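Undergrad: Chain residues, written in single-letter form:
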Amino acid sequence: MNRRHFLRAAGACLALPFLGRAAEKLPPKRLVAIHVPLGMMPQFFFPMAGGTSSPYLELIAAHRGQFTVFSGLSHPGVDGNHHAGQCFLTGAPHPGQPTFRNSLSLDQFVAEKIGLENRFPSLALAVKNGDHYGDSLSVSRAGVGIPAEASPRRLYRSLFVAGTPEEKAATMRRIEAGGSVLDLVLDKAARLEKSVAPEDRARLDQYFQSVRELEGRLQRSLAWENRPKPRVDYPEPKDIADANLVIEKSKLMFDLIRLALQTDSTRVVTLSLSTFSVVPHVPGVKSETHGLTHHGNEPEKIAELRQIEAAQISALGYLIQTLRDTKETGASLLDQTQVLYGSCLGNANSHSNQNLPVILAGGGFQHGRYLASDTTNNTPLANLFVSMLQRLGLETDKFASSTGTLRGLEA
Amino acid sequence: MFSRLTFFALPLLGLASVQAAAAAEPLPKAALTFFSDYCLDCHDRPSAKGEINLELATADWTKPGFARLMERVHQAVSKGEMPPKKKPRPPQADSHALLAWLDDSLVRKVPPHRTTFRRLSRAEYARTIRKTLGVNFMLPPGFPEDALSHGFDNVAEALVLSPPLLEAYAESAALVADQFFPPPKPPLPPSRLVPVTPQDMSGGDAYGPKNLIVDGRMRLALAGYHGSTTAAKFEAKGSGIYRIKVSASAFKPEAGQAMTLDIVSGTYPNLRKLMSFPISLEKAQEFTVEAPIYDGHSVTLMFADSPNKGINANFPTPKLPDELRTRLARYPRLCAALLTLHDEVAVADGKAELRLRFPPGVSFETKKVIVIKGMEEAMARSDLDTSKATKENIERLVEAILSLDKNGAIALGVYVDSWIRQCYSEGPCIDIHALAIEGPLAPAEDDRDQLARRLQLNLFGKRPAKAEDSAWLEACVARMLRAAYRRDAAPEETRRLLAQVAATRASGGSLDDAFHLALRTILISPHFLYRETADRSFDSYELASRLSYMLTQGPPDEPLRTAAADGSLAQPDTLRSHATRLLASADAAVFIDSFTSQWLGTRVLPTIMPDPSLSRFFSTSHSTGMAQEANLFVAEMLRDNRPLTDFIKPDFTHVNPPLGNQLYKLPDIPKPDIRNRSTMMRVSLPRDGRPGGLLGMAGVMMATANGVDTQPVVRGKWVLENILGDPPPPPPASVPAITPDTRGAKTIRDLMKAHTSEEKCAGCHKKLDPIGFVLENYDAIGQWRDVYPIHTAGPKGTTVIKPGPPVDATATMPDGTQLKDVLDLKNYVVAHIDQFAGCLAEKLFLYGTGRVPDYAERKSLHLAANQVLKEKGGFRDLLLAVIESEAFRTR
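As they're listed, the protein sequences go chains A and B. Heads up: the first sequence begins at 79 in this note's numbering, then just goes up one per residue. Heads up: the second sequence begins at 12 in this note's numbering, then just goes up one per residue.
In short, the hints are calculated from the structure, not lab data. Check each hint, because a few of them may be wrong.
[To be verified] Only pairs whose alpha carbons sit at most 27 angstroms apart, straight line, appear in this in silico BS3-like list of lysine-lysine:
no., chain 1, residue 1, chain 2, residue 2
1, B, 777, B, 96
2, B, 384, B, 399
3, B, 362, B, 676
4, A, 364, B, 813
5, B, 682, B, 379
6, B, 813, B, 777
7, B, 74, B, 40
8, B, 74, B, 120
9, A, 379, A, 316
10, A, 329, A, 316
11, A, 379, B, 402
12, A, 364, A, 191
13, B, 294, B, 284
14, B, 96, A, 316
15, B, 813, B, 98
16, B, 402, B, 330
17, A, 364, B, 379
18, B, 248, A, 246
19, B, 284, B, 256
20, B, 196, A, 246
21, B, 378, A, 364
Since we're looking at a predicted model, the values are computed, not measured.
The task is simple: from the sequences and hints, build the whole structure.
TA: Right, dumping it as structure tokens:
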């Protein structure tokens with residue numbers, strides 16, 4: 079009853095999708111969710127009433143038919159200004175309150191359903207300088223943030239570079255070793271479980287749940303470790319050391335996201351694009367971004383901040399372009415990939431968490447529109463999430479604080 | 012695999028529902044009448060203002076939601092906040108009857124809370140591993156973060172477990188087990204000879220020119236590691252004995268003085284000296300040593316006793332000024348050359364200082380180049396006036412070198428390179444001509460083997476002659492369990508782990524393999540990862556753990572374990588003496604830092620990047636000074652058992668010169684420079700002054716702002732939660748946000764009027780806003796201000812800051828107390844010190860037990876706090892009173 083042997087056997091016979099499968103069947107549906115923690119200045123982001131474009135949207139006008147812009151959306155009860163960032167994909171209320179507990183994020187919910195066939199059920203990524211709230215958008219069922227990968231080089235290596243035989247053996251050893259202890263502790267914990275007070279049972283349940291989930295994950299990793307990694311025509315990138323090259327860092331992550339989706343290494347990606355503690359190398363910018371967002375309506379600061387936000391929106395245009403340019407079985411990668419882009423700050427100057435800037439691109443929706451909701455009584459952002467989930471083929475009519483689907487958004 | 016059945020088939024569930032049925036009782040007449048006469052206008056089922064519905068028929072005290080609702084009613088009525096002022100007042104007798112019923116029911120009928128399984132926090136986990144097993148352990152990068160609850164990271168409810176965290180535990184457990192039982196080493200590769208030319212050597216000095224190669228030799232000028240050179244292209248493949256051959260000569264040796272060349276290996280600062288050689292001849296000599304080099308390490312050569320010390324601009328030592336004087340006096344040409352690069356700049360009271368001459372706006376790197384070039388040119392001049400190298404000028408140069416530039420950066424850095432250049436030409440130096448390393452000649456035990464041997468000896472004792480000595484095996488297993496579980500192992504637990512060890516052996520594993528697996532199993536067991544896991548009862552071991560983790564963030568030490576094992580810890584006197592003992596130990600610093608930095612919020616300071624326009628001097632010295640001020644202040648409050656009013660109006664604080672001189676502008680604090688910028692000093696304060704105490708600390712004020720502007724509501728909320736113990740509920744949905752405008756048209760006060768005029772906001776904001784307004788005198792970095800700055804456009808897109816409207820710090824507290832400024836607020840808190848004492852007792856309880864006290868516990872904590880005040884006790888008395896409280900000791 080040696081655990082190692084069991085796992086090895088399990089790994090060998092665990093069913094894995096064929097890598098060539100994408101060509102045989104319809105291309106899979108994917109989700110990419112991007113959060114910009116400092117928001118977008120509403121006066122430049124949202125179209126005027128009756129229009130469908132705005133100064134920022136003009137910058138990506140070439141793709142106007144590929145995305146929809148929304149206004150009047152927010153997460154009910156999600157307040158606490160910068161604290162709200164960690165709730166962008168969860169909608170868990172009152173992140174600034176002492177008793178706050180986060181909840182399952184949209185991407186993890188999706189990954190549980192459509193991600194298990196891939197080498198990476200999901201990827202949590204970040205562009206950041208230092209640690210701030212909401213560096214990772216991905217949150218487990220237990221409400222724990224899943225650490226985000228901030229190094230493009232490490233990401234590339236885990237996606238595409240097969241380790242040396244020694245590295246591979248070490249990984250295998252680690253995975254097997256992890257599995258081998260889990261069984262033993264389950265036995266111990268089960269005995270503890272018999273004697274605990276009722277209020278502690280939930281805690282132990284959490285423990286068991288984690289053990290079982292981890293066990294499943296280790297088994298899958300073990301199986302994947304024996305399969306070759308996909309080869310891509312893209313050199314291994316170097317990490318960009320200068321934190322102020324935030325736009326360049328974003329574009330590098332976008333490239334890797336495209337490659338990860340294209341090779342079907344994953345179908346679910348989150349990315350936090352933080353400009354905290356950064357003086358972006360953007361013409362006309364000489365101040366730190368967070369300080370600029372507290373512009374106090376000073377025109378000079380607004381002008382500087384506008385340069386930064388415009389560069390961020392243009393970078394989004396780059397992502398849309400690169401997904402559009404990538405073709406698979408007749409369609410573009412963008413058609414199969416929902417790209418959600420937005421912020422939990424509606425207006426950084428006032429720290430408002432209402433009227434969030436949100437864009438949804440690709441994924442096969444009818445785009446090119448401006449869907450405006452009531453700016454006083456906002457529509458739950460989670461309604462958009464439900465529409466997205468359904469489009470991903472998940473049969474669900476509820477997520478977090480949703481009250482339905484988002485009206486007006488059609489496939 | 013455990014059975015799902017056991018989860019649901021517990022007989023207790025039936026019992027709980029019986030209790031629930033019995034607990035739902037009809038509301039007494041006093042409550043029914045009170046609610047319908049004074050509350051239901053707003054708080055009936057349909058309107059349920061503030062989400063409070065009092066249209067109730069029965070009271071079910073076992074429902075947590077009901078108990079919380081009744082607590083809020085009790086609080087609002089007892090403080091006279093409800094019914095609101097404009098509604099009819101209930102007669103006192105009616106209020107008293109209601110309050111008496113609420114109080115009695117909340118104390119007697121609500122099932123007592125207890126701490127649930129409490130997972131070790133990140134810090135506790137790392138410390139526990141280090142303390143129990145004696146290994147080196149730091150949390151690996153990417154180790155999942157803990158969630159905060161009520162501002163603390165050790166609250167049971169928020170310490171959840173998730174698969175990523177469990178995976179991190181499993182990997183850490185393997186790393187720890189590897190330290191005890193290192194993985195088998197691959198066989199040593201065949202020996203080879205690696206010649207290392209000076210071109211293949213790197214400079215150890217990160218602050219100077221690297222690879223200074225003169226005439227094909229690597230020249231070592233500065234003493235110690237910072238002046239050393241390392242064979243960059245060599246890396247030992249496997250730990251073994253290597254033969255090291257070095258050819259070296261002396262350059263401009265001082266007469267009659269041999270120089271010492273040290274051969275070392277390792278990574279700084281863990282360097283092992285392999286051999287020392289005396290170098291005295293100016294022609295190359297060859298030296299050979301055979302010594303162990305560990306896997307992955309290289310060989311480093313250093314000039315051990317050079318008279319020229321390296322200068323690390325980032326970590327100047329206290330001896331630095333003297334070293335500078337010695338060097339400047341020793342080399343008059345250096346001194347004279349430096350002088351040519353300086354201007355005299357007039358400063359206060361007719362004095363002049365030396366300042367380096369630079370064109371405006373050049374970067375730090377450019378400055379370095381300018382100084383190096385300037386030095387080279389000046390030193391080359393034949394007419395250099397060395398008579399200027401006077402004692403007086405040396406002193407002035409030392410001052411200039413040690414001064415901080417206006418951004419708090421160090422001017423010293425720009426001098427360092429020019430220093431080293433001069434040493435290379437003046438000597439004395441050691442020249443390395445060649446180096447050759449041959450090996451591995453034989454295997455050698457390395458640091459990992461030595462560590463493993465030591466760890467095994469500590470945990471298991473000497474191995475018996477017979478490997479299968481069953482008594483010894485059993486003792487080993489029991490020791491592992493005892494170390495990790497913080498208590499003696501049950502015979503059953505030992506037996507099972509022994510069985511696991513036997514099973515590993517049976518399937519072909521070695522004894523080391525079996526112990527390795529056993530250690531890893533234990534380290535991810537719930538008995539290790541959680542504390543307070545005893546079944547139902549709270550035993551002495553649990554209490555020992557609770558006390559120890561509270562005061563040292565680590566597992567109980569031997570005396571505590573003994574007191575737990577013999578049951579004496581149950582005696583309040585024994586508990587008290589252990590608490591006092593731990594508080595006096597060095598480990599208590601961890602408690603001070605962890606509790607203080609979370610209670611006062613100073614932990615977030617490093618993440619705040621203040622707007623540079625707020626101050627031209629702000630640097631990390633200021634923010635680290637703030638965090639240390641809070642820690643040292645609380646530590647002294649505890650050590651000297653100072654009265655609780657000293658938290659608010661103390662006669663002392665601790666500052667470093669940047670904080671004291673520049674931010675607080677205290678008298679008699681020296682001007683900051685690189686020698687003193689991180690030196691904390693205790694200062695006396697007038698009790699009626701602005702700085703000092705929790706409401707005068709820059710760190711608290713900075714942590715409750717965002718680095719750019721201030722938000723009165725945030726500070727008001729912070730004070731209510733952490734000083735007055737009266738936390739407000741979350742704001743209602745869709746509150747209109749305030750849009751700050753720093754162009755000067757409106758003050759934050761004008762903008763916030765909406766909060767007190769709108770009825771649904773007024774309830775809380777009449778408590779929040781006055782405190783926030785009074786604290787408006789502190790800007791976003793805690794600097795005092797009398798006027799708000801106005802930002803206007805200057806020439807060429809710059810921003811000009813001008814004084815704007817005065818800060819209006821007057822306010823009226825809900826009870827009608829008028830406040831003019833922060834002094835009045837301090838006096839207000841001192842007048843309500845019982846509230847502060849109760850609040851602090853609750854925070855300590857929360858930190859210690861990992862849960863929020865329930866109504867009955869709060870009541871007894873407040874009583875205990877009042878008793879401390881009555882007996883003129885201090886902070887330590889309060890802390891001990893919390894530890895001695897029944898709830899802390901029993902559940």
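Undergrad: Verify the proposed pairing of residue 813/B with residue 777/B, using a straight-line Cα cut of 27 angstroms.
TA: It is violated: about 31 angstroms lies between the C-alpha atoms, which goes past 27 angstroms.
Undergrad: Given the hinted pair residue 777/B and residue 96/B, is their alpha-carbon gap at most 27 angstroms?
TA: 13 angstroms, holds
Undergrad: Are the Cα positions of residue 329/A and residue 316/A separated by 27 angstroms at most?
TA: 13 angstroms, holds
Undergrad: Against the 27 angstroms threshold, does the CA-CA distance of residue 248/B and residue 246/A hold or violate the hint?
TA: The given pair, whose Cα atoms are some 20 angstroms apart, holds under the 27 angstroms limit.
Undergrad: Assess, step by step, whether the Cα of residue 96/B is no farther than 27 angstroms from the Cα of residue 316/A, and give holds or violated.
TA: 66 angstroms, violated
Undergrad: Is residue 402/B within 27 angstroms of residue 330/B, Cα to Cα?
TA: It holds: about 18 angstroms lies between the C-alpha atoms, which stays within 27 angstroms.
Undergrad: Can the restraint linking residue 682/B and residue 379/B be considered satisfied, given a maximum Cα separation of 27 angstroms?
TA: Given pair residue 682/B, residue 379/B holds - Cα atoms ~25 angstroms apart, limit 27 angstroms.
Undergrad: Given the hint that residue 813/B pairs with residue 98/B, test it: the Cα-Cα distance must not exceed 27 angstroms.
TA: 47 angstroms, violated
Undergrad: Please verify whether residue 74/B and residue 40/B have alpha carbons no more than 27 angstroms apart.
TA: Given pair residue 74/B, residue 40/B holds - Cα atoms ~21 angstroms apart, limit 27 angstroms.
Undergrad: When you check the alpha-carbon spacing of residue 379/A and residue 402/B, does it fall within 27 angstroms?
TA: Violated: residue 379/A and residue 402/B sit about 51 angstroms apart, past 27 angstroms.
Undergrad: Residue 294/B and residue 284/B were given as a pair; does the straight-line alpha-carbon distance stay at or below 27 angstroms?
TA: Satisfied, since the Cα-Cα distance of roughly 25 angstroms is no more than 27 angstroms.
Undergrad: Can the restraint linking residue 364/A and residue 813/B be considered satisfied, given a maximum Cα separation of 27 angstroms?
TA: This hinted pair holds, its Cα atoms lying about 21 angstroms apart.
Checked against the numbered hints listed earlier, the structure breaks hints 6, 9, 11, 12, 14 and 15; every other hint is satisfied.
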